[in-house]
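Work out the full structure, taking the sequences as your base and the hints as a guide.
From first to last, the protein sequence lines stand for chains A and B.
In our numbering, each residue carries its 1-based index in the first sequence increased by 1.
Oh and the second sequence: position 76 is 72 in our numbering, straight run, nothing missing.
It is worth saying that the hints were derived from the structure and are not from the lab.
Mixed in with the good hints there might be a few duds.
What the hints assert, rightly or not - Heads up, incomplete: computed chain A residues facing chain B, CB under 10 Å, no partners named:
{"no.": "1", "residue": "K95"}
{"no.": "2", "residue": "T112"}
{"no.": "3", "residue": "R116"}
{"no.": "4", "residue": "F201"}
{"no.": "5", "residue": "R214"}
{"no.": "6", "residue": "V218"}
{"no.": "7", "residue": "G224"}
{"no.": "8", "residue": "T242"}
{"no.": "9", "residue": "C244"}
{"no.": "10", "residue": "N271"}
{"no.": "11", "residue": "V292"}
{"no.": "12", "residue": "D294"}
{"no.": "13", "residue": "V299"}
As the list claims (entries may be wrong) - List time: in silico DSS-like cross-link candidates among lysine-lysine, alpha-carbon distance up to 25 Å:
{"no.": "14", "chain 1": "B", "residue 1": "K51", "chain 2": "A", "residue 2": "K225"}
{"no.": "15", "chain 1": "A", "residue 1": "K70", "chain 2": "A", "residue 2": "K57"}
{"no.": "16", "chain 1": "A", "residue 1": "K222", "chain 2": "A", "residue 2": "K64"}
{"no.": "17", "chain 1": "A", "residue 1": "K222", "chain 2": "B", "residue 2": "K29"}
{"no.": "18", "chain 1": "B", "residue 1": "K57", "chain 2": "A", "residue 2": "K306"}
Predicted, not measured: the structure shown is a model, and the values here were computed from it.
The beta-carbon is built from N, C-alpha and C at its ideal position, and this holds for glycine as well.
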Amino acid sequence: MSGKHGHKPFEGHMHDYMAHIKAVEEDLEYYRAKRFEPRIIYLLRRGVVTFYDLLKVRATLKKKDHFFKVGKPQGKNIEARVRYLEEWLDEYVKGIALVSARAVEGMDMVTEDNRKERGDYDDFFKIKKKEHNGAIEERMANLEQDLTDYQALLEVFVQALIKRGWATRKDLEQRWKQLHEERPWAGGVIVAKAWSDPEFKRALLTTGREALREMGVHQGKVGKLVVVENTDRVHNVIVCTLCSCYPYDILGDTPWWYKHESYRTSIVQNPRQCIKEMFRLEIPPEKEVRVWDSTSDVRYFVLPKRPAGTENMSEEELAALVTVDSLIGAGYPLEPAQLREREAAHVEPEMPRVRPD
Amino acid sequence: METSSKYKIGDAVMVADENPTGNRRTPHYIRGKRGVIGAVHGVLENIRDHRGVHKPLYTVKFDLGELFSCHDQDSIWVDVHEEWLSEAIRDS
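So, in structure tokens, the structure goes:
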């Protein structure tokens, strides 16, 4: 199994299938109950689409007209099925990104609306998440069924948006293609540049987005960007205890555990112990740990320390060492030897799930 | 953006226990706690996140021990809007 697409479990190793299954379960319920269904409910309340639109679409939709095409697992063994579930989850999440506010004409919805709608401030609105139990076979079967159901709602929702004229199929197809474009991960590009170019690093640490603009990297649009630097004396960690604020517009989406309550609670209550238990990282006692709790207007990421033995590496080579976790403070960048090991074992680099739009 | 922020870096501040009209995004664990201004951001626009603008924003540094029973000498830095803050008397 690879640690691709932010599914990397914080417990268990690469071949711990149950840990991968649990990560998919957590993330799938998060995206359904926190990102997708609150959005539908928001639009249903306002008559942008109605229950009846959805029912009508469902009744007449033919398979050949489906917007989303779901593939098949590449084999019957556990590894193939787990990988299939992970890839399907990725597609489902991209589908939610497809129908985000920016994609739909006249949809005046901001992130704060979604937070209200999903019950961040009022338990009354919380959408219940499913509980998962049982042995691995049963859990995989459940996930396959859940994904089938959730995907079906996403499908009729997209069809209803098109039918009601809120979006055109052509625009959505264009956007869908963009969501699948492979691009070098901005996090790696930015950090490698900061390691190699002291002038850029200074600008990044003092001006945030401005520095990215000069560099021609996608600079994002969500709030103010603050980059905090790890040094011999300070180890920085990022969290959003209220929800999951993160510079997703630059770095893509977060790993699943970043949104999980256990991380959001314990990282502020006992940072060192949390980092040690969840990520197997022991911060030396002489270092100060600084936890940054974002409340949406400022988005943070960590500039990790450049690993030893990388003095002669190019920016492109350095970028491959930068992991998603290391920009949150939950890991260190790879050392060159670790990268070689991963490459030899054909472990794909860890990448965030949804690209910035 | 034009700012007229009331506090400056190093000022000791108290977070209100409650503020029904204040920005809702102030975590519960810092309410009623004392911290020090670590950064001054001023008034920020964030149109994809919310409509309008909030009061000036600060990053407030809290000693971990002020917030929780953990004895490590670490710190939690939290973004807080001005209406939640008041001046705190500094220990000598």
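Here is what the structure says about each hint:
Hint status for A/K95 relative to chain B: violated, with the closest Cβ pair at about 19 Å, above 10 Å. Restraint check, A/T112 versus chain B: the minimum CB separation of about 5 Å is within 10 Å; hint holds. Checking A/R116 against chain B by beta carbon gives a least distance of about 8 Å; that is within 10 Å, so the hint holds. Taken as an interface hint, A/F201 does not check out: its beta carbon lies about 21 Å from the nearest beta carbon of chain B, beyond 10 Å.
The criterion of a C-beta within 10 Å of any C-beta in chain B is not met by A/R214, whose closest approach is roughly 16 Å, and the hint is violated. A cut of 10 Å between beta carbons decides the hint on A/V218: the least distance to chain B is about 19 Å, and the hint is violated. For the restraint placing A/G224 at the interface with chain B, the shortest Cβ-Cβ distance is roughly 5 Å, inside the 10 Å limit, so the hint holds. Residue-level restraint check for A/T242 holds (minimum Cβ-Cβ distance to chain B is 5 Å; threshold 10 Å).
A hinted interface residue such as A/C244 counts as satisfied when its beta carbon comes closer than 10 Å to some beta carbon of chain B; here the least separation is about 9 Å, so the hint holds. Hint status for A/N271: holds, given a least beta-carbon distance of 5 Å to chain B, under 10 Å. For A/V292, the shortest C-beta to C-beta distance to chain B is roughly 5 Å, which falls under 10 Å, so the interface hint holds. Interface hint status for A/D294: upheld, as the beta-carbon distance to the closest one in chain B is roughly 4 Å, under 10 Å.
The beta carbon of A/V299 is positioned within 10 Å of a beta carbon in chain B (closest approach about 5 Å), and the interface hint is therefore held. Between B/K51 and A/K225 the alpha-carbon distance is near 15 Å, which keeps this suggested pair within the 25 Å criterion. For the hint pairing A/K70 with A/K57, the CA-to-CA distance comes to about 21 Å; that is within 25 Å, so the pair holds. Distance hint between A/K222 and A/K64 is unfulfilled; the C-alpha atoms sit about 37 Å from each other, more than 25 Å.
Proximity of A/K222 to B/K29 is assessed by CA-CA distance (about 32 Å); at most 25 Å being required, the pair is judged violated. Of the pairs offered as hints, the one joining B/K57 and A/K306 holds, with about 23 Å between alpha carbons and a cut-off of 25 Å not exceeded.
In terms of the numbered hints stated before, the structure departs from hints 1, 4, 5, 6, 16, 17, listed from lowest to highest.
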